[in-house]
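Asker: Here is how the chains run, residue by residue.
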Amino acid sequence: MSRPIVSPELARVLNFVGMMAMVGVLIGAYIIQFYYRELPCTLCLLQRLAMVGVAVGAAMNLMLGPDPRHYGVCLISAAFGLTISVRQSMLHINPFFDKTTGLPTMEATANAPFGESIFGLNMYVWGLVIFGTVMLAVGIAQLFHGQFEPSKKEPKWLSQLATIGVRSLVVVVALQTVTTFLECGPGDCPNNGVWDWWILR
Amino acid sequence: MMTLAFGLLTVSSFFLWFNKARWGWSLVLAALVIGIIIFVQDVDFSTNLGIQL
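Residue numbers (my numbering), protein chains in the order written: chain A, 11 to 211; chain B, 18 to 70.
Please note that a few of the clues may not be correct.
To be verified - Here are the simulated DSSO-like pairs of lysine-lysine, each with C-alpha atoms no more than 30 Å apart in a straight line:
#: 1; chain 1: A; residue 1: K162; chain 2: B; residue 2: K37
#: 2; chain 1: A; residue 1: K166; chain 2: B; residue 2: K37
#: 3; chain 1: B; residue 1: K37; chain 2: A; residue 2: K163
Said to hold, decoys possible - Derived list of chain A stretches under chain B, where covered just means 3 residues or more per stretch with a C-beta under 8 Å from a C-beta of chain B:
#: 4; region: 15–24
#: 5; region: 70–78
#: 6; region: 177–190
Unchecked claim - Facing chain B, according to a computed beta carbon distance under 8 Å, are these residues of chain A, among others:
#: 7; residue: Q43
#: 8; residue: G63
#: 9; residue: V66
#: 10; residue: G67
#: 11; residue: I86
#: 12; residue: F90
#: 13; residue: V139
#: 14; residue: C199
Note that these hints are calculated values from the structure, not bench results. In this text, a Cβ means the ideal position worked out from N, Cα and C, and glycines have one as well.
When you get a sec, could you build the whole thing from the sequences and use the hints?
Answerer: If you want it as structure tokens, here you go:
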């Protein structure tokens with residue numbers, strides 16, 4: 011019997027890398043949020059929600075072993091996130107569209123970009139790139155069915171890697187839950203990016 | 018609503034860490050359903066979408 015190109019162990023390591031990439035993006039978003047004192051809008055938070063969904067799917071692959079259902083969680087989350095980032099990019103991509111009236115306008119700055127740009131792209135455009143990449147990566151990953159074969163005894167280093175990864179995910183998601191509550195409270199989240207926490211009103 | 022969605026994801030990842038719970042995906046889907054509800058509420062389809070539905 012030939013050895014699979016992508017073994018269950020390698021697939022778990024790749025899922026660890028993907029999950030940490032999502033955690034890194036969320037931490038980066040946090041740094042930008044507090045450095046520029048800009049609260050995330052509703053659509054921004056929904057994209058973060060989708061990124062956490064992708065990370066949880068990858069974490070399930072990491073902890074429980076590769077499974078098509080776990081990849082499905084990643085894909086559904088990425089599709090949701092892509093929808094949100096396309097929507098937000100479309101809102102800002104056409105400067106000749108007044109978002110308050112929904113009508114065409116001659117004023118090019120009527121619908122200015124939201125937030126700071128990072129490496130020349132706004133956060134929601136980065137979201138579009140990230141979710142598109144996730145969908146592509148998950149699609150390619152599913153081509154290698156050797157990863158779904160039953161794994162031999164789990165190496166200790168892999169178990170430790172999985173624990174470190176999931177712990178970091180839990181910390182970031184818990185922090186996100188707390189700050190979302192402090193920002194939005196039980197109601198709707200603000201959409202103007204102003205540093206106006208619900209808890210401080 | 019948004020806090021609830023993130024809370025579900027926190028519970029999902031928390032149980033994944035402690036119990037290696039296999040049902041965590043259902044909480045992710047529940048969080049996404051809440052996200053879809055928030056998204057649909059956020060879009061003013063009559064004026065803000067920019068296209069005629």
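Asker: Run every hint past the structure and note whether it holds.
Answerer: Verification of the hints:
no.	hint	result
1	A:K162 with B:K37	holds (18 Å)
2	A:K166 with B:K37	holds (16 Å)
3	B:K37 with A:K163	holds (17 Å)
4	15–24	violated (count 0)
5	70–78	holds (count 3)
6	177–190	holds (count 8)
7	Q43	violated (15 Å)
8	G63	holds (5 Å)
9	V66	holds (5 Å)
10	G67	holds (7 Å)
11	I86	holds (7 Å)
12	F90	holds (5 Å)
13	V139	violated (20 Å)
14	C199	holds (6 Å)
Hint compliance for this structure: hints 4, 7 and 13 are broken, all remaining hints hold.
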